[in-house]
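Please arrange chain B on chain A, whose structure you already have, making use of the hints.
Single-letter residue listing:
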Amino acid sequence: MKARELLIAISIALMVLLLAYVIELGGLGPLAPYALRDIARAYLEYVYNPWNVTASSMALEAVTAIVWDYRGLDTYFETSVLFVAIVGVATLYRGYRELRGLGGVGLSEIVKTSTRVLIPLILVAGASIAIHGHLTPGGGFQGGSFMAVLMVLLVVVFSLDYAFEKGLTSSRLLAIRSAGLVGILLTSVALLIAGVVAGAGAYVFQNMAREGSDLSMPSWFLDRPLGGTLFLFNVFESLAVVSGLTLTFIVLALRKEEVDQALATGEWCE
Amino acid sequence: MSRLLNYLTVFALTYSFYVVFTGASTSFSLALGALASAAITVFATPLLISRELRLADVVRAAYLVAYYMYYMAVAEVEAHVGITRTVLSRRIRISPAIVEVPYYVRTSFGMTLIAGSITNTPGTVVVQVDTAGRVLYVHWLKAVTYRPEEARRYISEKFEEFAAKIFG
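Line by line, the protein sequences are chains A and B. Everything in the first sequence is counted per my numbering, starting at 1 for the first residue and increasing by one. Everything in the second sequence is counted per my numbering, starting at 1 for the first residue and increasing by one.
To be clear, the hints were calculated from the coordinates, so they are not data collected in a lab. For glycine and all other residues, C-beta sits at the position ideal for the given N, C-alpha and C. Each hint should be verified, as a subset may be incorrect.
Unchecked claim - To spell it out: a stretch of chain B is covered by chain A in this simulated footprint if at least three of its residues, at any positions, have a beta carbon under 8 Å from a beta carbon of chain A; those stretches are:
#	stretch
1	12-21
2	28-36
3	111-119
Claimed, not checked - Mimicking PhoX-like on lysine-lysine, the simulated pairs with C-alpha atoms at most 25 Å apart in a straight line are:
#	chain 1	residue 1	chain 2	residue 2
4	A	Lys112	B	Lys165
5	B	Lys158	B	Lys142
6	A	Lys166	A	Lys256
7	A	Lys112	B	Lys158
8	A	Lys166	A	Lys112
Looking at chain A on its own, in the form it has when it is part of the complex (with noise of 0.2 Å):
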């Protein structure tokens, strides 16, 4: 046993020092070529610019910047493909049905009561990563992964029984996730329709004024930047994530009485 130790020992120091060796010759290449670094910094220098709006995201987070406003349209796609996943998951099951009183009782009156106190303040807590989005590292998905992680304690501690009787049905969640999914799409379009209405030019994914386009979503929120889109983005992205992954937790935790009839008929059946 002791020579195994060693050896794994040995290995991962090796690994580790191999490691540094190659990057230290260039054999992974230079870490970051010249020619990007420029992209980096005229990111940093336009993301938060009220002397050069029409260039900047006027948020104080360069990654949130990115992901959803200079290359928003990726991230939208990004949120679809995950959707698309939880419907699919939920498709693999279809027709299942959330049947109450199995018997599930949950884990001891203890972990029930603890958990109990978590839940307002796991909740709240994610809401903060969802809000400051655009101010400090997270977001709306970080925010909404946070949130998830008290339904899956809820299904856990006190039995999907309970979370059926407490309202989180997955008719529910696909509303919450497909309301969210849509503020998502109006955020994305808003300044376009705006600009129709007022015969004005703008664009899609348009955030503040850009070139050709005096409209602008509120960049000042009381006394802190507001981003625009950026936050309405984390705020309804958080949404979608914490319905979408709750639901799709539900469905993989599903009794075997739930979904025998889906599997036997194989069809939706009512």
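Structure of chain B alone, referenced to chain A:
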């Protein structure tokens, strides 16, 4: 409207946690946090509190603060000193056993406070609870008795005094 105090209490808990977690000091954070906390309070309050809170319950909150002081400054220190002595002694003398410890508080919050207090002090761990028989099964590193009532006097009597005053 009679349950307004319930909602206010949960809101205060949620919002103060938000302020600490976020390190909120700007009106941006404080305003949006209040909104989020309010929304979460509406959802969470029915899951948290079942009876109607009254203004007189402030006394219970005061006992909670007093208990926190006692627990951290006295109970924890005593338990840590005891276990440290055991760990460092040349001839370790322990008598591990799982004993029954009855409890008499009526609420699950009270029971959870007792169980958490027992588990958090080194040397004793609650391994199971029987809510019907009102008994905690406690793993006791240095068991000196197997009799439930006697064990309760050693392990959880002080905790329960406070728990009864705080949660009932």
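Hint-by-hint comparison with the structure:
no. : hint                : verdict
1   : 12-21               : holds (count 6)
2   : 28-36               : holds (count 6)
3   : 111-119             : holds (count 4)
4   : Lys112/A x Lys165/B : 21 Å, holds
5   : Lys158/B x Lys142/B : 18 Å, holds
6   : Lys166/A x Lys256/A : 21 Å, holds
7   : Lys112/A x Lys158/B : 24 Å, holds
8   : Lys166/A x Lys112/A : 15 Å, holds
Comparing the model with each earlier hint shows no violations; every hint is respected.
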